[in-house]
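*Asks:* This is what each chain is made of:
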Amino acid sequence: MADTNTEDAFVEFDRVQKSYDGEVLVVKDLNLSMPKGEFLTMLGPSGSGKTTCLMMLAGFETATNGEIRLGGKEINNIPPHKRGIGMVFQNYALFPHMTVNENLSFPLEVRGMGRDERESKVARALDMVQMGAFGNRRPAQLSGGQQQRIALARALVFDPKLVLMDEPLGALDKQLREHMQYEIKHLHESLGITVVYVTHDQSEALTMSDRVAVFDDGRIQQLAAPADLYERPENSFVAQFIGENNKLSGTVESKSGDTATVRLTDGETCQALAVSCGDVGSETLISIRPERISVAAESGPNSTSADVKELIYLGDHIRCRLNVHGNDDFVVKVPNSAGHEHLVVGEKTQVTWAVEDARALNPL
Amino acid sequence: MTDAVADPISSARGQAQLTTADGIPLKTALAIAQSKARRRAFLLVLPLLAFVLITFVAPIGQMLYRSVHNPAFSDNAPALAVWFEANPTGTEPDEAAYEALVSDLRAMRENKTQGVAGTRINYDLAGSRSLFTSTARKSAKMEPPFKEAVLDADEDWADPQLWQVMRTASSAYTANFYLAALDRTRDENGNIVRVNENRRLYVGNFIKTMLLSALITGCCLVLGYPIAHLLATLPLRHSNLLMIFVLLPFWTSLLVRTTSWIVLLQSQGVVNDTLVAVGVVADESRIQMIYNQTGTIVAMVHILLPFMVLPLYSVMRPINPSYVRAARSLGATSWTAFRRIYVPQTVPGMGAGGLLVFILAVGYYITPALVGGASGQLISNFIAFHMQKSLNWSLAAALAALLLACILLLYWLYDRLIGIDNLKLG
Amino acid sequence: MKMTLILTTALTSMSFAASAQEVTVMSWGGAYTKSQVEAYHKPFTAETGITINSVDSDNPATPIKAQVEAGNVTVDVADVEYSDAIRLCDEGLLEEIDASMLPAAPDGMSAADDFIEGAITDCAVANIVWSTVMAYNTESVDGTPTTIADFFDLEKFPGKRGLRKSAKATLEMALMADGVAAGDVYAAMETDEGIDRAFAKLDTIKDDIVWWEAGAQPPQLLADGEVAMSTAYNGRIFNAAVGEGQPFEIVWDGQILDFDLFVVPKGAPNKEAAMQFISFSTDTQRLADQASWISYGPARKSSGALVGKYSDGITDMAPHMPTAAANLSNALVNNFDFWADRDAELNERFNAWLAS
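Respectively, the protein sequence lines represent chains A, B and C. With my numbering, letter number 350 in the first sequence gets 350, and the count goes up by one each step, no holes. With my numbering, letter number 112 in the second sequence gets 112, and the count goes up by one each step, no holes. With my numbering, letter number 324 in the third sequence gets 324, and the count goes up by one each step, no holes.
The shape of chain A in the complex, shown without the other chains:
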């Protein structure tokens, strides 16, 4: 599933397992490799093992089994301060008893850097995050967004090979968060650093990353570029977790090439792309994105009637909740453009979708 090609791998997890209590594996057989310069996001619900992976990479947790390699060298037994990895924490972890300048020069100081060099580096790092004027403030005198920038500058000031970020934007309000996402992305691009980013916010993951590793139950469910992840989820968890998704469950009736015919629970059939469903007779879950469904369209291969249950006006589009094939939660996004028929609650309509847009996945 994960790409374990070690040719140009910079960070590598090789069959890594982690257990805290000797009874439950928090991380089950993790394999991951990422090239230099990549922005990789670990995305998943809480408890999925993504933060544990980050902590193992940073050196604060030890892997129970397997190897973690950085730049081709095994780092399992290297203490955190020798790994040269910058890290941004969820609560920023700015040292409250130090000024911004002192916070930034701390990593330089412990590396034995001279005073002049420290000062110029600190100034450059502060300018980089547009915080040049705040050097003498204490963290408590800064707003959340400002603290976030300082934390970022501190993680970068000593030119680390790799920067880890543990939900760094979790505490910011929506607008600031979106703004910071772009800033981090730009820093990544302009500095050419390698970033491993942990978040549970999928839009953040999709916006910023080169690749996203979706975690669940201690495993990477899918590692792919954001577009692939959304367009081509490989299992029902990813389909469900990334973006909005309509599910139709049933059994595979027949398969021909890439296409599977699925007998749905209400007895009707539906044609779908066979992605990860089993052989004929096995259970499957069909995933269809809401925006890939046409309403009141002419009949096609997957055309069926639907009851309109609820309409929510959202300006650019209208969100319709329908009953399709017995599923009451079938959501369709209807663009609010001229020429689109407006639905009425309680009436029936016809919905249809292309076979490629319906993905038959293994049920979880």
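By construction, these hints were calculated from the structure, which means they are not laboratory data. Being a predicted model, the structure only gives us computed values, none of them experimental. Positions of the beta carbon are idealized from the N, C-alpha and C atoms, including for glycine. Treat each hint with caution, since some may be false.
One-sided and incomplete, this derived list gives chain C residues near chain B with beta-carbon spacing under 10 Å [stated by the list, open to error]:
no., residue
1, 196
2, 213
3, 342
4, 353
Have a look at the derived ranges for each label pair, beta carbon to beta carbon [stated by the list, open to error]:
no., chain 1, residue 1, chain 2, residue 2, range
5, B, 365, A, 91, 38 to 48 Å
6, B, 248, A, 65, 34 to 44 Å
7, A, 114, B, 214, 38 to 48 Å
Pairs of lysine-lysine residues, derived as DSS-like cross-links and limited to a Cα-Cα distance of at most 30 Å, are as follows [what the hints assert, rightly or not]:
no., chain 1, residue 1, chain 2, residue 2
8, A, 36, A, 255
9, B, 208, C, 271
10, B, 141, B, 112
11, C, 65, C, 34
12, C, 201, B, 389
13, B, 389, B, 112
14, C, 34, C, 271
15, C, 206, B, 208
16, A, 73, A, 185
17, C, 34, B, 112
18, A, 82, A, 121
19, C, 42, B, 112
20, C, 42, B, 389
21, A, 348, A, 333
22, A, 82, A, 28
23, B, 389, C, 65
24, A, 255, A, 185
25, C, 206, C, 156
26, B, 36, B, 208
27, B, 147, B, 112
28, B, 138, C, 34
29, C, 301, C, 271
30, C, 42, C, 271
31, A, 309, A, 333
32, A, 348, A, 309
33, A, 174, A, 185
34, B, 138, C, 65
35, A, 82, A, 161
36, C, 271, C, 65
37, C, 34, B, 389
Take the given structure of chain A and dock chains B and C to it, following the hints.
*Replies:* For chains B and C alone, kept in the frame of chain A given last:
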């Protein structure tokens, strides 16, 4: 909260006083609106205020007053007071002085107060109590000339220092008890001099008390810091159990705890027996670990440790482990991270614990009395001695007031150096 | 007005009625009160018909002061320590006691001569003598110490010494150990040279002293082997040795005697009966009887010969009395006046010496 709303237009118009919509000055309106709440708040704290005043402020005030006010002699020697008033310091006591003395002694004999008055003079000049009791007994039969009669009865009455002491004691207000508490006294001319070297006691003991308390505080910090850290970092389930062990000494009687140290540390005690059995120490040269300063330090560190651990714990518990992690990820060794990042954040706890332990140690009494032997006595033991045995309450009060002053001075220093707002008790 | 008069009269007559039959005696409780009930109270009631109301207090001097000052005296006779007897008398809180009313000894010697010197004061009559003695544990001492000088002889009798942490008694013992005769001790202590001499003597054992403060400590220190010898109150050592079988011995040489005395508070409701009780209780036989119940000595010399056996029926009490002739050969009576004058000064010096 207040229903009086300032009219924004009138206030914007210029310097005119702000008023409510009804034309009442805004400040008045605010005061009226808040007065009820304030009165209720005051009534709520009134019981405590009364309690503090009655049980704390009043007794301490009375104690401080006692340290400068002792009417035992002045109340009983009115005639002498008149003579001292009329004749300046240094005047040779004449017949009139002795006549006043005899008349006062007769009155004392009548009222049976010669012992009280003599005791007061005895505080400043040892040996004069019996002078008063014996001469008072003879005073009834004395006839003029009184000077001869009195000197006949006891020639010690001619001592000029005695007259100087009576002169100062003829006023109920005196600083002599503070002088005594600072190992000072007045010579026959009323000058302040240090007492004879072999009686200098209190200044040295104040210094010793401060040094010992500082040492005990230091030991508590060194021993308590790791415990508090462990408590703060362990999962709550384990740390609660450990916390019980920390608090266990609180639930045991102070006497029992102190006595168990005697059992452990005495020369025939558990520790010495073990050392002898192991062969570290010869049977004849058992180590003296109790009834001296060592005993006081060991027992007091044990007793005061919780007062250090609890504030430290309360400061350490909320310190996010990510600070140290951040420092480590930034390249600091675990020692550097501890020293530069963790320790500075626990300063409020160290300050609170240190201040608490120090102040408690400075005033500690029972433990040094039981295990301190000769060298482990603190100033409180002398205060207790003067309260309970010598019954010189004025001197006890002066010593206590000086101790209070020392602590306030330290508190002030702490405020200047570290800042009192940088103190977290829990 | 009339009502008040009637009430007052009634109350007065009631108190008179009571006074004919009862005397309230306040003492220290425990075995000590028991010894007094057995030796004094029961025979007194049997002889005079006056009942005794026995009351206990932690220190009877304290309620006396309170009662007299409040003008509400309920105690007729109290058993107090020497220092309190003098102090209360000085403060005018006690009735004076006429020593001539006390019965003479069986051989006709007057009470004033028969009582040990200092046992009769203006306001008080002693009933018992207790003493501060030197005691040792036979198991931790080789040989037999016999004099107070041995207490200070670390070469002959190695081992730690227990001493009360107080100048009182300690200085006297040091002087006696240094060869000052008992009779000259207080005269010597009036001079600076004498005090210097006492401290110089204490210096010789300073590093080997374990200081005690409560009376219960010395038997414990001796039993634990913490000290080889200690000063102690004789009653405590007697109880440990005879009562509990501890291997303790008392060296009577250089003992310092102290009194417990009967006093009558000023305004006692039954003053006459109180005086009668004191006179009865402090005769030769009664004082001797009390010694059977507790190892404190009778305050009369003539009682010594009449002291019998301890209440266990085996132990002869006479040799355990501080006042036994053999024990008095080199004994000192505590001089209250001296200590009233010098306590503060000498304790300061003592404490300064301790700390140096």
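*Asks:* Any hints this thing doesn't respect? Which numbers, in order?
*Replies:* The structure breaks hints 8, 9, 17, 19, 20, 24, 26, 28; every other hint is satisfied.
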